[in-house]
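Given only the sequences and the hints, what does the whole structure look like? Please build it.
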Amino acid sequence: MSDARTGGAGAQALIRMRAITKVYGAGQAAMHALRGIDLAIHSGEFVAVMGPSGSGKSTCMNILGCLDTPSGGSYRFQEIEVPSLTRRQRALLRRHRFGFVFQGYNLLPRTTALENVELPLMYRGTPLRERRELALGALADVGLSGWEQHRPGELSGGQQQRVAIARAIVTAPAVLLADEPTGNLDSIRSHEVMELLRGFNRRSGVTIVMVTHEADMAAYAGRVVQFADGLVASDVRQAENA
Amino acid sequence: MWWDTLALAIREIRRRVLRSFLTVLGVVIGVAAVIIMVTVGRGATARITADISSLGSNLLVVIAGQHRGPGGSSAAPRAFDLRDVAAIADQVASIRAVAPTASRQATVVYGNQNRATSVVGTTDLYLTTRAWGLGTGRNFAEAELRAGKAVCLLGETVRGTLFGRMDPLGQRIRVGKISCQVIGVLAAKGQSSMGNDQDDTLLMPLRTFHRRIAGNQDVGAVMVSAAAQSDTEKARADIQTLLRERRHIAAGNDDDFTVLDMKEIAATLTGTTRVLTMLLGAVAAVSLLVGGIGIMNIMLVSVTERTREIGTRLAIGALESEVLRQFLVEAVVLSSLGGLVGVAVALAATAAITRTMNIPFLFDPGIIALAFAFSGAIGVIFGYVPARRAARLDPIEALRHE
Ligand SMILES: Nc1ncnc2c1ncn2[C@@H]1O[C@H](COP(=O)(O)OP(=O)(O)OP(=O)(O)O)[C@@H](O)[C@H]1O
Ligand SMILES: [Mg+2]
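Line by line, the protein sequences are chains A and B.
This note's numbering puts the first residue of the first sequence at 1, with every later residue one more than the last.
This note's numbering puts the first residue of the second sequence at 1001, with every later residue one more than the last.
The hints are simulated quantities; they were obtained by calculation from the structure and are not laboratory data.
All C-beta atoms in this analysis are idealised placements derived from N, C-alpha and C, irrespective of residue type, glycine included.
One thing to keep in mind: the hints can contain errors.
[Said to hold, decoys possible] Label-pair ranges, simulated between beta-carbon atoms:
#1 A:236 with B:1003: 31 to 41 Å
#2 A:84 with B:1016: 36 to 46 Å
#3 B:1396 with A:125: 23 to 33 Å
#4 B:1003 with A:88: 16 to 26 Å
#5 A:52 with B:1397: 37 to 47 Å
[Said to hold, decoys possible] Some residues of chain A that are not near chain B, with every Cβ distance over 12 Å (derived):
#6 26
#7 28
#8 115
#9 122
#10 155
#11 203
Structure (structure tokens):
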């Protein structure tokens, strides 16, 4: 299934960014976080984004996930011109197409693992019974059966990260965006999480875009995009994962 | 979705019970004040209305001495006599009935029961002026009045003390030093607005009272019933002119008697309750405002505390309107809980107040529904600004918060 993305230059890309720029502030103090990103990602790809701190990785991910709007350029997602959408339309796009794994987990405190995973389903309007079933399934997928009723404070960092992944995949999104998903984990836990992500990518064909600082994490991806100073410096396919 | 929102709101409120309670204290007080105000106000009005009709129809009471206010009577007022009463009856137009009265505290005894009560000497017209009916028996007969017969009518309280379940009609009781036959029992009238028991009394013919109880011919007070309500003002003025003339009061000197218009007294009382009601209304308005601001404040704090949570929700697809709704529901649930507590407090307080003030407890479910709806509206109004602030948050900044 992962071979689908190799279908040649003619196939329509799921994500197509052209000359995307992002400027914070104005005038003298203007901060050019992105200086013209060109990037095309096809359905089913597993892309690692690397680069030094401040090179614009997170900024780019936020634009990719329709959380932020670019200052210039064109971003098409499934042939929809995202920057021209309203705030509400972008929220609906996030709800139905994207799964997010945030760097700081961002689980709701005082809320059980199960309820955290149910949350995106609730906003989709999934009925309670089905919601519960799907959430239990997702937690089982990330190896957290039996931990459903624990609150984030009662879980280890690795477990919290896995709850966050379960929450991102429970809706079966078209794209899963993960910003440094292993940033706070030790190497054993990091590899567990990466195995998990690669499994989802291979089994379900979920497109994954993941920011990481570590080369051995990037090694799980089929493609590594290097950012430098708000530009794409290199874009390499890794044959062994393709 | 609605159920999820409600459950979430309740959970958030339970998480900070004390803080929530302190926040809605203003709403509690406001709602309680509104309900107490309306319920007690209605009860008092009903009570006063009942009092007006129980005092007598269009009743004027003429008493000796100056009674401008409570306790302000001049010393040793000159009493009236029967000629004054006759003059009023003859010369004042538009009056229906006139009844002279003289009264004194005396002990009444039957068998081994006794009671100190107010013994009133008067005529058969007394009942007309006071709009008072007979429970059993009959009123004084013309002949009994003229001859000064030893007969009496018992107030319900006196009857109860002396006779219990026995039939008092025809029995002879002792009133002071004389023996007196019971010919009737007055209908129960209850307490007056001043709180005294109107049924604690005994009536006898005025002549009998003068000769055998008082030992003088004084008439302490004259009950005058105007023909119609509109006539009381004129009747009062006429009585005043007539009595000034008869008592030789020079122009420029003050009256040495007073004509009380019972309707006016009742109106004064109504006015007092109205002032009280308005005061409570002001308290209610201020409390509700303070309560609303309290809710706004706690919700703003809550939004700040939960910025990351809001960011997460927005990022994973919550719409602005859904976040807005979540916080609005929370504010409404919060203030409605305040309203609920306020209703409970008000019911307890009203029950206590009506009992001590001896007014009817007129329970009105409508006002409770209204107060409840009002507290909910407070939640919507004052919860809107914080809720909108939450909904308008930028998801990226919110996620990065703290
Ligand atoms: N809201 C903002 N306001 C102003 N400048 C910003 C804002 N967000 C990001 N920047 C700037 O844009 C640049 C790119 O930031 P970004 O977070 O994308 O970097 P990054 O590649 O994710 O770095 P890291 O690896 O440290 O996470 C940085 O110089 C940052 O200071
Ligand atoms: Mg970053």
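Each hint tested on the structure:
Between residue 236 of chain A and residue 1003 of chain B the CB atoms are about 50 Å apart, so this pair departs from the stated range of 31 to 41 Å. Range check, residue 84 of chain A to residue 1016 of chain B: about 42 Å between beta-carbon atoms, so the 36 to 46 Å window is met. Separated by about 25 Å at the C-beta atoms, residue 1396 of chain B and residue 125 of chain A satisfy the suggested range of 23 to 33 Å. Between residue 1003 of chain B and residue 88 of chain A the CB atoms are about 23 Å apart, so this pair conforms to the stated range of 16 to 26 Å.
A hinted range of 37 to 47 Å for the beta carbons of residue 52 of chain A and residue 1397 of chain B is inconsistent with their spacing of about 23 Å. With a least CB separation of 17 Å from chain B, residue 26 of chain A remains clear of the 12 Å interface cut-off, as annotated. The beta carbon of residue 28 of chain A is kept farther than 12 Å from every beta carbon of chain B, the shortest such distance being approximately 23 Å. The beta carbon of residue 115 of chain A sits about 10 Å from the closest Cβ of chain B, which is not more than 12 Å, so the claim that it is off the interface is violated.
Not every Cβ of chain B is farther than 12 Å from the Cβ of residue 122 of chain A; the closest lies at roughly 6 Å, contradicting the non-interface assignment. Remark: the non-interface label on residue 155 of chain A is consistent with the geometry, its nearest Cβ contact in chain B lying 16 Å away (cut-off 12 Å). Listed as outside the interface, residue 203 of chain A is consistent with that label: its C-beta sits roughly 22 Å from the nearest C-beta of chain B, beyond the 12 Å cut-off.
Consistency with the previously given hints fails for numbers 1, 5, 8 and 9, ordered from lowest to highest.
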